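Join the two chains, each given in its own frame, into one complex according to the hints.
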Amino acid sequence: MSKKPQTRPWLWPISFIGVIVPGRMRADWRQEWEAELHHRAVLLAEWDRLNWRTKLNLVRLSAGAFWDALWMQTYRWEDAMFQDIRYGIRMMRKAPGFTAVAVLALALGIGVNTAALSAVNGMVLRPLAVANPTELLSPFWGSQKDARVWGEFSYANYLDLRDQNKTFSDLCAWRETSGGISFGESGSADDSQRAEVVWGELVTSNYFDVMGVKPLLGRGFLPEENLTPSANPVVVISQAIWQQHFNSDASVLGKTIYVNGQPLTIIGVMPESFVGSLYFLRHSFWVPAMMAEKFGRRPEWKTDRSSALFRLYGRLKPGVTMAQAETDLNQVAAALGQLYPKENGGTKINITTEIDGRFDAATAMIQYGGFLALCVACLVLLLACANVANLMLARSAARGREIATRLAIGAGRVRIVRQLLTESLLLSLLGGIAGWALAYWGSRVIQASFPPVPYPITLDFSPDRYVFKWMLITSLLTSVIFGLAPALLAARTDLIAVIKGAPGQTRKRRRWNLRSALVVAQVTISIVVLICAGLFVRSLRQVLQTDPGFDTKNMITMMINPRLLGYDQKAIWRFFPELLHRIEMQPGVRAAALTDELPLQAGDLSRGPIVKEGEADPPSNQGYISKCNYVSPKYFDAMRTPLLLGREFTDHDDADAPAVVIVNQEFARRFYGSAANAMGKRFRFEPGTPFMEIVGIAKDGLYRSLYEDKRPYMFLPLYQQSHGGVTLIISAQSAGDFHALAENARQEIARMDARLPVVGLMIEDQNLAIPYWGPRLAAGMASTFGVLALLLATVGLYSVMMYIVTQRTHEIGIRMALGATLRDVLRLIVSQGMRMVMIGLILGLTGAFALTRVFGSLLLGVGTTDPLTFVGVAVLLVVIALLACLVPARRATRVDPLIALRYE
Amino acid sequence: MRKNYLSYTMALTLQAIENGYGYGFDIMTVTGLASGTVYPALRRLENADFVASKWERQSIAQAEQRPPRKYYEVTKLGRAALAEARQRFRLLSQLEPVATNKPAKQKN
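So the protein sequences, as listed, match chains A and B.
Residue 473 in our numbering sits at position 473 of the first sequence, with consecutive numbering throughout.
Residue 106 in our numbering sits at position 106 of the second sequence, with consecutive numbering throughout.
Excised from the complex, chain B in its bound form (with noise of 0.2 Å):
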């Protein structure tokens, strides 16, 4: 497989992690895919360099007592990719993007 391809589950993961969900949860709730397929996809996107990770500062999680969550944000080779498997994929552009700040997990 060419490192560049982008199959159906990792362009809706990427669309997803475009349309505002940073997290690898919050992606699955979105996209409805598993667990067990969504952090793959994110690994092969990571490697791929089409997603950045970032760990959230150490400060809020501590503020909350939980351990820092890592978040993902679109690259600009990311956003190349992802306007030509769009091409492909018509149905990406019905992802809904993040409306409010709250999470998106409120739908599930």
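Extracted from the complex, chain A is given alone in its bound form (with noise of 0.2 Å):
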């Protein structure tokens, strides 16, 4: 058989993995790993099989060796490496002092980051507990103008799309609704019988399916159930609710609960692990989309195909590509376009993952601003490392003797970067284990600084397995960071001139400088993370002063809905001036209103396209759509938000009267030139609406985001629109007892119906919470990994500095024996510092010059070289070094040149 020399990877790991096989047995496994692959290759070649698959295949066999060679660890007992770690602990239990400031240096850079990747892992990577959750695509909707779509899709549209696809296996559709649930007949007005507020979705009957989540009890939905509007009154319920309410009765399936007044059979329970549809809220009750006319949908929703309400989630048949899906759904789209060129001309799909697309265009900030903090973090545990692999120079250059005397009876130079790596990873260990307790806490606090929020939020930012196997290498990686260069260079101690007895001092010049090359990069990794910090800190202090075009003084909030009692559209436009005229009533009360979303919340209303009056209508999906909200009189006086011009919503300004809207400055000037100009002015949206009368301006705010630029915005009246679930705002005539004011409110709205739940009470500045928590959060973080950054600078130069005049005291005897007064000997020590100290702050000055753009979106009134920030952190930097330089040259100045010289 001739053989033409090839190349064979499959055999590569076994020479790669065989390295960490003990010595002894190292070459007859090798032997029988590569005979084995050898022999299967040969086989292989002989049946023609040996194609690139094959081959493949034979690679990932050899990787299995790795666990052999892992399982053969065992035999080490007696070996090198237990040696090793044995005589690493006595090492490190001989110098508790410098094993603890490593520990606690490691634990630090270690128990930030795993703290930071939990929040991140809480917020953007947890996946859905529901099978393969990778594979569940969730598909958008929107405009072909927009680069990325992120729109939601009609119920008719959906139909269409799942029928005629031919790419997904299967397609279901999902709406997250709130419901007023009760356990007993509703009507009755005892107290006991309040609502309670929950989530729940309305969903169509493959949606268990397709999530793959299998009911704990009962079943999901009957393709049956979700062919007739509001027919089949069924509900699937979730593990926590039945718990509470029906004490975990298995005879539960059959029962019934009201949903919003609705009675409902229960006809399944879904495991507590299965949260719904969306990630960070825990919905409590599943009922099939025909429901949705309970839910408060208007009777079209089914047929209308610009009404847009349900998300989707899909899985792909085995073997199709995501690309292969879009392109697919994008035809049938396209379809549906020439059908229906009025509501769905002009629209594209685009298809992501579940986890992509929890954030949106608007939210990504999120995302993002997390692997910021990561990146961050990343670099504070960089520093940690620098501070260790300084402090384990200094050690190993204390051990000279010891390494030295190894060496001299043979041991080789491999044995001792081995015998020190060891230690250098038993250390990242105790501080990876260190790290994750302070991690704990960490995510602890980040999760307590969540803003108190109506809703029943499942973020959870607590550590889990896959954050646990983040520290695991981070901390092994970390040991070779810090622990390689300066077990090489011990390695390479010069035995004679040591055994000569000169300890320490050997290659002084090259450890010198390798030491002040870590003290320069400690320096310009602190520069850059304390910048970071510091724009953070500025960016949340312009936050906090910034006119949000609102007032939260004296001002009380509550959520109400009465839609969930059942009510209808006629009882509730009876109820709301009704309730709006007894709470002004009460006593303190300046002003009270209603609105359907407070700004700066989640909420994300808009309308559109403008059509002013005269002109013609655009071309479908081109228009523009403004954002708005719902409000009733007394919005803007109770919000403390100016009107420029005109007047507020009256109780005049219901169903029956004309049509008006309240727009704001910036809406007026786009669409009218000017606030005057808009005054009186008619528009509408879509054809069919009246046209609505412009009756007032209001001052320009913030609306959605506080990062937002202006933008025009719509005040529609409350009074004429179809609405239940409203924001009661109440504003004090002074500062007193809020939460007496606030009980007066909620038994005025107990008198009307004490039925009514009364949710999400805010006080004032809680109003700001969700909004201020992005740059509260990250001004927070920012700066403890800034104080983290510069406490460990600081520690690693001061640590050097000491070193150096240790190392020089013999030089600085004979300086002052020669007459160099205390002044000199200061001005030579502190210079030699801060020579480090400077290059390291120019460095880090233009590393954080780079580094800042990639942030400028998440800062807010702040540029990203803002010069306050730039020069307050280079002078604290300075002053911070030259403390930690001035105390090591104070004890050089006390050197007396007799004793320095004694030894001469």
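Quick caveat, the hints were computed from the structure, so don't treat them as lab data.
Worth double-checking, as some hints may not be accurate.
[To be verified] Below 25 Å or equal to it, Euclidean Cα-Cα: the simulated SDA-like pairs (lysine to any residue) are: (1) 70(B) <-> 56(A); (2) 54(B) <-> 19(A); (3) 70(B) <-> 15(A); (4) 54(B) <-> 70(A); (5) 699(A) <-> 547(A); (6) 70(B) <-> 26(A); (7) 348(A) <-> 308(A); (8) 570(A) <-> 304(A); (9) 55(A) <-> 16(A); (10) 553(A) <-> 538(A); (11) 570(A) <-> 588(A); (12) 627(A) <-> 699(A); (13) 55(A) <-> 66(B); (14) 55(A) <-> 71(B); (15) 70(B) <-> 18(A); (16) 54(B) <-> 24(A).
Predicted model only: the values in this text are computed from it and were never measured.
In structure tokens form, the structure reads like this:
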């Protein structure tokens, strides 16, 4: 058999992995694996099946050798590794101070990393508790003009997509909704019957199959239960509801609960782990989509293609790629666009995974900020590594004689390096464990910082197994990063010099260079981290000073929703004005108003296109859609938002009166040139909607996000729109007992309808807790990182300066004997330290200058090159560095030349 | 874990050797276990003296211009342990023995 030389990549892992097999078995081990792989390759070649696929398979097989090699580690009990570990533990106990400082530095570094990752994990990465969560795809709908679309689907469009696509094995639709859930016959005024507000979902019958979850009890929905509107009042409840209200009784199936006053028959119970379609919200019930009218949807919801209510989840057929599926759905969408040009013209579909679909263009910032936090945390870890590396260097210098002795009696240099690396591994593992505890505590702090919200949020920031794995890998990597260079240097000890009696002084120049490089690196990194911190803190100050266009002073808010009790629209329109009048009669109330949503909360209402009177309708999906809000009379008074022109809505602006609207300055400027010009003008939305007269111009404010630019905004009268859930705003006459005022309002509501639940009481600044949370968390985390960075850099600089002074004691003694003054010595030492600091300072400022551009969009009102931050951080660092140099320098001046020279 | 207790993986590996599959890779093929599972199992079995390993004669290997392979045999102790394990894992007896001298991998 003539053989031509060929590459055998499957043999590479064997020689590579073999390194960790205990030495005395290595040859045998390698030979066995190589022989087996060789034999298999020969056999495959004989059957002409040695193609790339089987080659790859061979490589995979050979990777299994790793586990084999790992298992063989148990043979090392009497082998070198365990000697190393035992010895390492002894050495650590002999130098408790060094061990404590090193472990602490590593714990801080690993801890902040792990805490940051836990937060990112809880927010962004943790998958839904469904079967194969990564395969769950989420299509979005929108205009072709946009690069990426994030819109929802109308039910009619969903049905067409579901039936006409060729790439999805199944596609379901869902819509979250809130509901007042009660367990007895509604209608009684008994206080104990007060409904509980929970979140649920309107879903298609295939929903649970697509999600891949099985009910704990009972069943999911049948296809026939989702065919006729309101015909099948069935419900699947969550395990929490089952436990709390039915005592986990298995006979719950067939019982009735009341949601929004509507009796529903329980057919199934979902397990605790399944929270629903939205990863952050705990849902309590699921009903067929056909029940939508009972949850406040207009009867046309099913057929109206412009009423985009539903989001979709689907799973692909085997072997289909996401790109193919997207093309396929877009073909269906194009066909729908031709059939229904008015609603579907010019639209397209994007498909993302469920995880990628969590953050749309507006909230991508959260994701972005999370990863930025991780990057900064990594910098802090690097800083800790540099610090410990420096400590290790100092330590191996102190151990020069020990190492030289070991070398002299025959230890190999590899063995010495391994010994030192084992010690750093032990250190980093200890640091990892302490860091884990720190991260656990840190994630608690982050969790506690989350503002109170009237929703059942399920975000869990505590570290899980995924985070644990990351922590372990980080610890191992860390030990190599900080341990390798000192270990390699230590093993190069100049034997003869040491034995001759100059311990630790050998190759001094070289070692000094690495040490100062490490100090420069520390200063550089800490400057970058500090500047990030400074920018975020400045940005937070700016946020707190920004005028959001309303004032929360003396303001109390709470949420009610009469529709949860089955009120129809007429009853609601009677209920609201009556409620406001009653509240305003109460002592201490300055003004009361209702709004669909408070500004800067999660809501995102919009209407459009804007069609000015006398202008033609724009082509479908092309007009300007404006953000808007629905508000009651006295809203602007209660929010303390100035009206520049015109009037507030009144009780007379109801469904029977001519349609009116209040717009903001930016709206008036964009569409009519000026506020004065806009007053009295009329516009409407899509054809068929009434023309609305502009009766007031409100001062510009912030509506959706603190970071937004000025944007057109409309206020529509609540009494002219179909609405159920509102926020009640009470503006008190003066600061006082807000809780008493809130309780009065609560009682007034109870007097009108005792069953009506009141949730989400917020007082004054609490109304801003959600929008301020992001900037606060960013500033808090960034300044924690900053303080840690400064601390680590200071300790690093200090320890190096101490070391230098010790090394130069002899030289200083000579200098002083020759007539150097104290000032000369001081200057000598301080200038040596500050030289390193200055190099680090320049590098750090340059680095920060380049890096901060990346997160400009996360900063508010602060440029990424904010001079105050840059100068401030530089000055702070120089002052602290000066202190860190001065203390060792003063020690140098106390050198007694006599003692220093005695040994000569 | 008791030293002599056979896990299912180990019992399966032992049974495969008993059936005449003497090489690590053959065992993987016939049992369907991954390489990262079979080898540690073999090491444990060898540790417990249930199997003994031998190197192929150098002359055979040299004739075929390849490194000699290591093959495993069940010891007496191993046979007893296997008999005990077969009581617990009934499916073991369904593992088929080597029919011919041809390597079992042809089923691959």
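Evaluation of the provided hints:
A threshold of 25 Å between alpha carbons decides the hint, and for residue 70(B) with residue 56(A) the separation of about 24 Å falls inside it, so the pair holds. Simply put, residue 54(B) and residue 19(A) have alpha-carbon atoms about 23 Å apart, close enough for the 25 Å limit, and the pair holds. Straight-line distance between C-alpha atoms of residue 70(B) and residue 15(A) comes to about 18 Å, which keeps the hinted pair within the 25 Å bound. Annotation: proposed proximity of residue 54(B) to residue 70(A) holds, straight-line Cα distance about 22 Å (limit 25 Å).
Our distance criterion of 25 Å between C-alpha atoms is met by residue 699(A) and residue 547(A), whose separation comes to about 11 Å. Pair hint residue 70(B) plus residue 26(A) holds up; C-alpha atoms about 14 Å apart against a cutoff of 25 Å. Of the pairs offered as hints, the one joining residue 348(A) and residue 308(A) holds, with about 14 Å between alpha carbons and a cut-off of 25 Å not exceeded. Restraint check: the Cα-Cα separation between residue 570(A) and residue 304(A) comes to about 23 Å, which is no more than 25 Å; the hinted pair holds.
Between residue 55(A) and residue 16(A), the direct Cα distance comes to roughly 18 Å. Compliance with the 25 Å bound is thereby established for this hinted pair. Taking the CA atoms of residue 553(A) and residue 538(A), the gap is near 24 Å; set against the 25 Å cutoff, the hint holds. Restraint check: the Cα-Cα separation between residue 570(A) and residue 588(A) comes to about 30 Å, which exceeds 25 Å; the hinted pair is violated. Taking the CA atoms of residue 627(A) and residue 699(A), the gap is about 15 Å. The hint holds against a cut of 25 Å.
Restraint check for residue 55(A) and residue 66(B): satisfied, since their Cα atoms lie roughly 18 Å apart, inside the 25 Å limit. Only pairs whose Cα atoms come within 25 Å are accepted, and residue 55(A) paired with residue 71(B) is accepted, the gap being roughly 24 Å. Only pairs whose Cα atoms come within 25 Å are accepted, and residue 70(B) paired with residue 18(A) is accepted, the gap being roughly 17 Å. With a C-alpha separation of about 17 Å, the suggested pair residue 54(B) and residue 24(A) falls inside the 25 Å cut-off, and the hint holds.
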